[in-house]
Amino acid sequence: MRVFSTPRALGTFLAPAVLFAVACGGASAPAPAPAPADDRPRLDGVLVWDVPLDEASDDVRFVWESAQRVLAEAGPESPTDLSLDDYTEWMHANWSPWLESRVTVLQELRERFTALAEAGSRERIFAAVVAAYVYDDFAKRIEAMPVPIEVQGEPDLVAAFAEQLRAQAAPAWRRARESFSQCVEWAPDAPPELAGWGEACARRLAETPDVVVAPPPPREIAWPTECTTHPEGTRPGTSERSPTARRRVALLTQGNRRLTQAEMDRVVDAVHAHLRRTHRDLRLLPMREVRAARALSAGRRASRRLECARAPSTTALLTARHADLVTAWVSAACYADPGAARTCRLSVSLGQKDDGSFFSLNATLEDDSFDVDDWLAVVPGLDEEAILASLLGTLSGASDGRAVHLRFVTTLGAWGDASAAAALEAAEVALATCRDVGDVPPSDLPVVLEIAPDGGVADIDIPLRDGATERIACVTNVFEDLELPPGEGPRRLTMTVEFRPDRSSSLPFRAVEARLHHAAIDAPQALSDPFLRDALTRCYAGNPDVHGAVTSHRATLTVDRSGAVTGVALEGMTTPLGVDEDLDACISGALRTARFACTPDGSEVEVEAVFCVGGR
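Residue numbers (the numbering used here): 111 to 726.
Any given hint could turn out to be false.
[Unchecked claim] Simulated pairs of lysine to any residue, SDA-like, Cα-Cα distance not exceeding 20 angstroms:
{"hint": "1", "residue 1": "K250", "residue 2": "S231"}
{"hint": "2", "residue 1": "K250", "residue 2": "R287"}
{"hint": "3", "residue 1": "K250", "residue 2": "D149"}
{"hint": "4", "residue 1": "K250", "residue 2": "S211"}
{"hint": "5", "residue 1": "K250", "residue 2": "A316"}
{"hint": "6", "residue 1": "K250", "residue 2": "G306"}
None of these hints come from the bench; they were simulated from the model.
Construct the entire structure; sequences and hints are all you get.
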């Protein structure tokens, strides 16, 4: 088609039409209807949504309108002639407000991105492309921050400054890479007019920095002797003692992410019988005694018609009866070892041998399974083969502010393309209300869900936890309302519910018992790391970064027969300058909330402990 752009050419083109109209009696030809405006969203001139925007969902329109504002926004003015003093003022007055508003918008957008990614192929590619552009823009703006005058003339300082900015932008770069990668993956299923984004996203992915920021090494702290050594010498834990010295051995369970507690009990019974045949030198406790202690520790323990402040742990109850108890842990779990296929292994950890080496029996399943019979079948094959691969699984990253995080989520059975992600994200929000239920510090809870064909939860299995009955009931109520995609055949969903504290703590600390206490009151559980970390974080909150040395305290707690703390005497052994004088009062008040188990003979006892906080 020829296109005429000059008036002369346009006149030449129109003349025959005018003559034709005159020859036909002067009738004028109707003017052609104007072409409808194409308001379909585009990025870099390329369609990112291929149907009229007014036919799109609210989520699509919200994302597009927000993204347009974000990408078109000029951002804070970035002068290039700032001194260090002016730079600090500029940061507070200009950069910080803009950064906070941008983060707020990105948080809102992320929720919509997640919803669109599950809506359909058109919505998925749209969400991936827009998210990639938005995060890419955010990262580039961070790295484009001005450099103070004092730094500009020093190449080494400029490079160090740029490295810091790159580290600050790392989370945004990661999001951009994830989104470009999803775009490449989802493009083949996109509508024809949008499928070309696959190649474009692949090019942008190759250009996007893959930033890996190494965490700073932990600072070495010169801990005083009283913070690291028990006055009576080093005492091994029940898992570190040798089982070969005719000590009693209790088989307990841990690390189960496949089987229910009832199924795991069947496996432990089979392991117990196997060990009695193959390792006659082990003095195994009867399983009825172990399970009686487990049942007793599951809730409030009544002792001489007295309601205890806290139920003792299973280990404490057994140790009170058998002073040299060895705890052996039976686990049935599958792991995705780096660089290898998924490995499923039944393991029995029996502590340490007399020579210091670990005593462990293992058997491997050929296939990933949640059928208890498959796990029972490998019990006869337990032996001391060396385990070279890491069995730690995937460690969680830094806290992102959520009160609850669902880790090690695994779908078992015939799920097909169905996803549980959306339902579990909603469950995380609801589970946050369970964190502070009850009066014991929250600990991680392994959960096994049996899924019905209609997507409902048919059964919930959560192993009993010492003193956590109320929290487990709360978690159970949340999972009962879970709505998952329907499916055929037996299906199972397993995970670990990780409860996170209110605040992150950078305070390193140590705590040791100042003298041996009767195992039945369970002092290590009452003064657990989570309990002390929370107390110290709250009490030191008013003293940020003022002490460069170790602060140490010796505490004597008076515990009544119910396990409640009725008095605290605190002695500041080392108190650097700058520490708030009200610190002792805060720590004493926090320690009063500790909950011990009932004292064994119904009398009042004193618990002594030393704990230390490392200088930052």
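Numbered hints the structure breaks, given as an ascending list: Hints 1, 3, 6 not satisfied by this model.
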